[in-house]
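Engineer: Listed here are the chains, written in short residue letters.
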Amino acid sequence: MIVVHAVWSARGRLCLWGEDSALPVAAPARSRRRVHPFACPHESLTSLLDTKGVATEIELWVPGTSTAPVASPELVRDEVAPVPARLGRHAWTVPTLEYEPDEAFARLIDQPDDLVCGAGLRMLVAVAGFACDLVNRGRLLPTVVGEEARWSPVVTGPDADTLRALALALPPSVSAEVDGLAGAGETLAAAVDALVDAAARATLPRDLGSALVSSGSAVSSGSAARSGRGSGRGSGRGSAGSAVGSAVATASVPAARSAGLSSVRLPGAAGAWLAALTGRERRFAASATDRDRLVEELAAWQRDAAGGAVRALFRLVEPAPEEDDWRLDFALQSADEPSLVVDAEQVWQSRGAVAALTRHVGRPQETLLGELGRASRLYPELESALRTAQPVALDLDAAGAHRLLREGAPLLSAAGFGVLLPGWWSRPSARLGARLSARSAGAAPGTVAKESGLGLETLVEYKWQLALGDEPLSEEELRRLTALKAPLVRLRGQWVELDPRRLAAGLRMMAEPGTQLTVGDLLHLAGGAAEAPGGLPVVGIEADGWLADLLAADVDRRLETVAAPESFIGTLRPYQERGLSWLHFLQRARLGGILADDMGLGKTVQLLALLAGDDPGVGPTLLVCPMSLVGNWQREAAKFAPGLRVHVHHGAERARGKAFARAVAEADLVITTYAIAARDAVGLAALDWHRLVVDEAQAIKNAATRQATALRQVPARHRIAVTGTPVENRLADLWSIMEFANPGLLGSARRFKELYAEPVERRGDEQAAERLRRITQPFVLRRVKTDTSIISDLPEKLEMDVLCNLTAEQASLYQAVVEDMLGKIERSEGIERRGLVLATMTKLKQVCNHPAQLLRDGSRLAGRSGKLARLEEILDEVLAAGERALLFTQYAEFGGMLRGHLSARFGREVAFLHGGVGKKERDVLVARFQEAGPAAPPLFVLSLKAGGTGLTLTAANHVVHVDRWWNPAVEDQATDRAFRIGQRRSVQVRKFVCAGTVEEKIAAMIRDKRGLAAKIVGAGEQWLTELSTRELRDLLTLDAGAVVE
Amino acid sequence: MDDFFPRARTRRVDGGIRARSTRGAIGSSWWSKRFLEVLESFALGSRLTRGKSYARAGQVLTLDVEPGAVRATVQGSRVKPYKVRVGLEPFEDEIWAEVELRLAAQALFSAQLLAGELPAEIEGVFAAAGAPLFPRAVGDLAMSCSCPDSAVPCKHIAATFYLLAEAFDDDPFQILHWRGRSRDELLAGLLAGLRAEDGAAEPPARDVGAAAALRDLHAPQLDEMLDRYWLPPVPLTGKTRPVLAVEPDLLLRQLPTPGPRLGGKALVDALRPLYRRMR
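For the record, the sequence lines run as chains A and B.
Under our numbering, the first residue of the first sequence carries the number 1, and numbering increases by one thereafter.
Under our numbering, the first residue of the second sequence carries the number 1, and numbering increases by one thereafter.
Everything labelled a hint here was simulated from the structure, so no lab data went into it.
Don't take every hint at face value.
[What the hints assert, rightly or not] Chain A regions said to be covered by chain B (calculated; three or more residues, Cβ under 8 Å):
#: 1; stretch: 114-125
#: 2; stretch: 851-863
#: 3; stretch: 922-936
[To be verified] Derived, one-sided and incomplete: chain A residues facing chain B with beta-carbon distance under 8 Å:
#: 4; residue: Trp61
#: 5; residue: Thr65
#: 6; residue: Thr67
#: 7; residue: Pro73
#: 8; residue: Pro153
#: 9; residue: Ala160
#: 10; residue: Pro171
#: 11; residue: Pro172
#: 12; residue: Gly185
#: 13; residue: Ala200
#: 14; residue: Leu274
#: 15; residue: Ala306
#: 16; residue: Gly373
#: 17; residue: Arg377
#: 18; residue: Ala389
#: 19; residue: Ile569
[Said to hold, decoys possible] Okay, the calculated beta carbon distance ranges per label pair:
#: 20; chain 1: B; residue 1: Arg276; chain 2: A; residue 2: Glu148; range: 22 to 28 Å
#: 21; chain 1: A; residue 1: Glu381; chain 2: B; residue 2: Leu61; range: 31 to 37 Å
#: 22; chain 1: A; residue 1: Glu148; chain 2: B; residue 2: Ala128; range: 22 to 28 Å
#: 23; chain 1: A; residue 1: Ala553; chain 2: B; residue 2: His218; range: 18 to 24 Å
#: 24; chain 1: A; residue 1: Val784; chain 2: B; residue 2: Arg276; range: 41 to 47 Å
Using N, Cα and C, we set each Cβ at its ideal position, and we do this for glycine too.
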């Protein structure tokens, strides 16, 4: 296994290097060259990454001892290295692949998913994305750096916040080059500058540059072309020196015309510089004097780009009642402390410094004047206010105020000036809009009348009406307002905007109120994602009956409660009953849903209660879940809904064709896995399903995958997706899952990206997020544990056995161990036999954990263990909810493997406590975990022996026992690390056992006869050695059906 | 006149100042147009036009504006370039004081001067102060050239005028400079009334580049974080403040006209399509 790391070097290159788990942990004590003992050689780096990087070496500070550097947490080794008592830093030579900025940008922006990388490289990937975003938004200016033309970022406002957050998140390893850049800030600044330049050039092809400026003055691109390995530098310099040509450069080449560029003439050095802003060659020909002058004038030109410590603030003041004189007040505002505002009047009153602003600005009057001058460049109407010596405000009429609101304010605000507008301006009620009243086909609220003809395509009765502010408006009134021809009008004391386009749209709507309206249309209208006929925005919707329920924000609370059917064994908590009612409601309305309750709130029982209440003869439910959950579903169904006839469709011997159809006809619930569903898609789609449920629906979050496409094509009357991950935070995932549950609701993937994903994720667009929430809200039920109405009736400690399956590899290893060991046990006796029995138990438990733990071969971990798969699913939800978990294992070496795998898999810090950690380090680990801030590790792997007692780890509210000690007292003690004084949340405890293995059998023994078990099992595993060989064989042999793949 | 001399041929020049316009009128901004209008009103018409091709051929080697005089060197037919001088009387301090007083009455002037621009209306202010900015009669201009041509203006002087007009396009403050005050001197005079006796100097503007936003960032040093070597010291929260969606060339609109060596407005025209492509 290789973990890839990144360094941003002082030479301005991205250096990638790797740690290889197959290489020795320490260097020979007396080697002369200090080469990092487990750094990847160049050959393996090149075959892992690409051939674009230049093979070279750098010297790196790495913490550790003088012979053994500390490995990154992502590196999975099958032995646990002792933690050195004192960490020092030592310089190591490391083979790297070096990338120039253009290649570095291309590499980072297109990082393959399957690469295991350290946190430093992951952070640089994020930095490249940030650079790309700055370029897309034009937040950059052309500059001169040394002898090169460069695009430099202009980082202000929210961008500056993001940049600082990135700097603080940059792992020290990125700037650890010996004699490198000083610290995270300097390193990140260098990386962002270089990546912005590269990102800009990636959009500006080289021929554009040579086209922009005629040949002669720029370094000619042909002679300066790089070999791609950076060796062309010298030749570039050579041609640059001799290439100073005519003093004027012209762009008249056809390429420029085709690129939409007009002919441009710039003075000599500037022309060469401009040409060097595109393509790969950054150096341009100019004498040192010319270059210096260029730098000087660039600085003067760009002086105001980044803004100063104090900026102008413009505040629009509306007229007093009965008057029509608007005013735009001027003030100065501190850029860093926006609440610090000094009015222009006060600025003029004081000669020289203004007390409140002295820390920020020395000459406030001059600053104010300069700011006003700059603002008037964007908004020339300001000039009329500058006719006096000491301007304090701009007087406006209604039309002027309207122009400011519409055009001036957004521009000024985007350019970094402070702008304060009256609150009503941003409210939809300040504009002409449309109101809709919709009627469902005569049904009482809380119920759905008829099942036939429902769904998203159902037509509804409706009526459109005009509205201005909160008042309805007749067509006659609209005509009168249109005749006023005033952009801003005070109507019943409220200012409203009379935009001529909207007025026209209103008249259009009254003339053609549209033809048909479906439930799906209604939801889009309600969410603000669609407009009324004619183009008016919708300002209100009234509905009755089930439509009203559907449009309500709290649909699950409005519905009439449906009690669990008698065939359901168990009791539903009140919120679970509401969930059941919601599922019923959607089913009757022929709509799909996403049940997204927090983990631990009982999504499975809510679904089983729904299934148990199905009318006989309605048809079977197909349930698709990850392999790791099949056994769990089977068991839960048997427990809560024993009346359900369950058929599990999996394995190589699964029924096919007619046999499968027969099996389905005789079942109420058919359980299968995503892999099988993708493989048997055609067969599944041919059958008549009443309901289709996908559990752990993140599995279809990627719409393009085979399983997602296959499942979208399986027809069913009712579709439900179950997931514990908050889908509303991951927009592309939400689209894919919703497309499964309610096809077509969110439009095409491309349109969804345009309308929601990009605005929300790139620009933090709250309005787009709100629209999306409102459209999807009827179909997503998500209750969280922190909701007081739910937590009040939750137990404080929720313990559950989690049944995991074996993979085929695990099963065959398991069987091989049983056969081999039973033979040996049969042939031995006494102490030797006891030893063999205990060794067998250990080996079997290791197999259940992970084949790599038994084999100790350093092989990859992903996809080979049912437990690991289940653990990843659970941790996905824990982390998505921002919570923390303790993971206990008795095997330190497995703990080490888990830590490496999980930190690489989730990209989060995983703390690890084992017997080799000294007391001081242990205290530090515990303190860091407990601080629970964003910098604290969210996961803590502990070996049961080292971490089972004494510690307080109440920052966690999840405990997972990955393997079992068979001693409830020891396990409870470990659990109590989290569940003790100081814990304010309920704690979820999961104990993993592998289905069909010795683990499940012993767990059942403990559960069924706890009293007896406490006696025989209490002391660990000793009692096993007393069993006869036949008893042992029964206990150890793998049950059929343990494997699901 | 040139005809007195046997077939003198103009020497070609490399690296001279070449007029930007290739045909038609020279000068694009209000200031250069105004300047050329004034010159043309002196009925120098045909003589002036002769300088155009010279200006376009790049025969003018240097051009310097200083208080009271514009000096240029122009390559003619002789080896040694001709020296051109165009004198214009700088304003007396009293006149400047009067102008400053009038300018200070309207914040617009200081505001635009501070933002790097010369408002066209400023000409009216000079006129009102009894000191027209441009020469009133041809006699106000003291033109001389070291060439043997006795005509005034000769084509060397004419070429100088055209390039001077273009220089005003690039940097209109050159007109004021010719009249005795640089932009900074004028501003200092204008704002003297606003500045306190002990007025602190302005803090330097923030630079372009990522480092500006990371100034005074407190990031711990490597030795303080050996145990956190591989990890983000403060992991990202994933929350970002919303940014405004703007036109990609907003920054170009925000900045003043670039200086003459950058090509003035032409630079912005050249950059705008690049910004649009970055979207």
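Engineer: Now tell me if each hint is right for this structure.
Structural biologist: Right, here's what the structure says about each hint:
| no. | hint | result |
| --- | --- | --- |
| 1 | 114-125 | holds (count 4) |
| 2 | 851-863 | violated (count 0) |
| 3 | 922-936 | holds (count 3) |
| 4 | Trp61 | 6 Å, holds |
| 5 | Thr65 | 12 Å, violated |
| 6 | Thr67 | 16 Å, violated |
| 7 | Pro73 | 6 Å, holds |
| 8 | Pro153 | 5 Å, holds |
| 9 | Ala160 | 4 Å, holds |
| 10 | Pro171 | 6 Å, holds |
| 11 | Pro172 | 5 Å, holds |
| 12 | Gly185 | 4 Å, holds |
| 13 | Ala200 | 6 Å, holds |
| 14 | Leu274 | 6 Å, holds |
| 15 | Ala306 | 4 Å, holds |
| 16 | Gly373 | 3 Å, holds |
| 17 | Arg377 | 6 Å, holds |
| 18 | Ala389 | 5 Å, holds |
| 19 | Ile569 | 42 Å, violated |
| 20 | B:Arg276 to A:Glu148: 22 to 28 Å | 24 Å, holds |
| 21 | A:Glu381 to B:Leu61: 31 to 37 Å | 45 Å, violated |
| 22 | A:Glu148 to B:Ala128: 22 to 28 Å | 49 Å, violated |
| 23 | A:Ala553 to B:His218: 18 to 24 Å | 43 Å, violated |
| 24 | A:Val784 to B:Arg276: 41 to 47 Å | 45 Å, holds |
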